[in-house]
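Peer 1: The lines below spell out each chain.
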Amino acid sequence: MIKRVAVIVTLLLVAAIFSDLLLNYTEQPVLGRLGEYYAAKGPSELGAANLVTSVIVTYRGLDTLGEVTVLFISAAGVGLLLRRRRDEADSRETRPAASEIVQTAAQLLIPMVFLFGIYVFINGHLTPGGGFQGGAIIASGIMLLVLSQPLAALSHRVIGMTESLSGFTYVVVGVLGIVLAGGFLDNRIMALGRFGTLFSAGAIPIIYILIGLKVGAELGSVLDRFRSAAGGQSR
Amino acid sequence: MTGIPISSYALATGLALILIGLWGMLTRKNIIRMIIGFALVDTGIHMVMVSIGYVTGGTAPIIDAAVPASEAVHRVVDPLPSALVLTAIVIGLGVTAVMLSFAVRIYRTRNSLSIDDCAESKW
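Line order of the protein sequences matches chains A and B.
In terms of the numbering used here, the first sequence opens at residue 1 and continues consecutively.
In terms of the numbering used here, the second sequence opens at residue 236 and continues consecutively.
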């Protein structure tokens with residue numbers, strides 16, 4: 001009883017904090033000063049058609065490097081928490097194979113899912129999308145592979161190499177920005193190219209390809225950890 | 236312009252999601268459901284942030300034939316909250332993955348997902 005009252009009081013207090021935000025909310029008629037700067041200067045300074053991309057990859061590129069680091073640490077943490085002890089059996093061995101329909105559909109779809117993911121992160125500076133979204137799509141392809149072939153072993157070596165090489169190259173590109181352009185992760189180390197085409201916006205496509213590969217590899221390894229851990233309780 | 240602006244619906248939905256998620260985290264006993272509550276709070280915060288970045292009549296902040304660069308300042312929504320939310324989604328995903336792997340560990344050692352079976356650190 002006391003617990004229920006405490007829960008209700010907590011929720012009411014939190015709602016009271018939010019009520020001010022909701023009741024006095026008015027839509028802003030024009031952009032704020034920072035948003036206005038990004039919208040006005042972004043296209044000519046960085047050459048990226050997608051303003052969100054120019055904010056993520058260049059103006060706040062250091063945040064994104066931190067974000068990639070957090071994702072790496074969480075993938076490593078999942079790997080550490082879900083590692084098997086030697087006496088624990090791999091639960092994959094007891095799992096029945098997926099049906100013929102799922103396997104055939106997966107064979108047809110997986111290349112297309114991968115291709116779409118690659119399309120999304122290569123065009124991140126032009127269209128809605130980018131490295132994280134493309135990486136998530138690639139990881140969903142890996143999920144489909146894992147579902148259709150429970151016994152298939154993903155090569156941890158390939159995943160690890162992709163992940164660490166793309167992370168390393170990302171930092172190298174960032175440091176090149178200090179040497180060749182205005183600062184860390186500056187995208188103007190390469191020619192900006194013609195606005196709105198695939199080869200434009202300097203280093204942004206390269207950085208997004210690296211992020212896409214890294215995120216895809218990390219999420220894929222997280223999925224693989226959960227697959228081999230599920231149901232594998234100690235006996 | 237009369238009536239309630241469109242973004243306040245998104246704002247109200249986001250705030251409601253935060254409260255529902257908090258309620259779920261406080262009342263549920265099953266660890267997986269508590270994690271779902273956390274994910275709801277996370278999604279609610281993202282909706283609140285995106286709706287605050289909305290500018291009346293604005294469109295997606297992407298420069299193309301429909302939105303030329305010269306008009307961008309007056310026609311797009313704020314790109315900054317979108318960028319921050321993108322970061323927050325990825326961080327939320329990482330945190331959820333770690334929480335779920337803790338849940339797997341707890342299930343392995345105790346054969347139960349109820350929070351009542353983890354009462355050692357209860358005050």
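In case anyone wonders, no lab produced these hints; they're calculated from the structure.
Just so it is clear, CB atoms sit at the ideal spot from N, CA and C, and this is done for glycine as well.
Among the hints, erroneous ones may be present.
[As the list claims (entries may be wrong)] To spell it out: a stretch of chain B is covered by chain A in this simulated footprint if at least three of its residues, at any positions, have a beta carbon under 8 Å from a beta carbon of chain A; those stretches are: (1) 242 to 251; (2) 293 to 303; (3) 332 to 344.
Peer 1: All hints are to be evaluated individually against the structure, with a verdict given for each.
Peer 2: Checked hints:
Counting residues of the region 242 to 251 of chain B whose C-beta lies closer than 8 Å to any C-beta of chain A gives 5; at least three are required, and the coverage claim holds. For the region 293 to 303 of chain B, the assignment as covered by chain A holds, since 5 residues bring a beta-carbon within under 8 Å of that chain's beta-carbons and 3 suffice. By the rule of at least three residues with a Cβ nearer than 8 Å to a Cβ of chain A, the coverage given for the region 332 to 344 of chain B holds, with 10 such residues.
Checked against the numbered hints listed earlier, the structure breaks none of them; every hint is satisfied.
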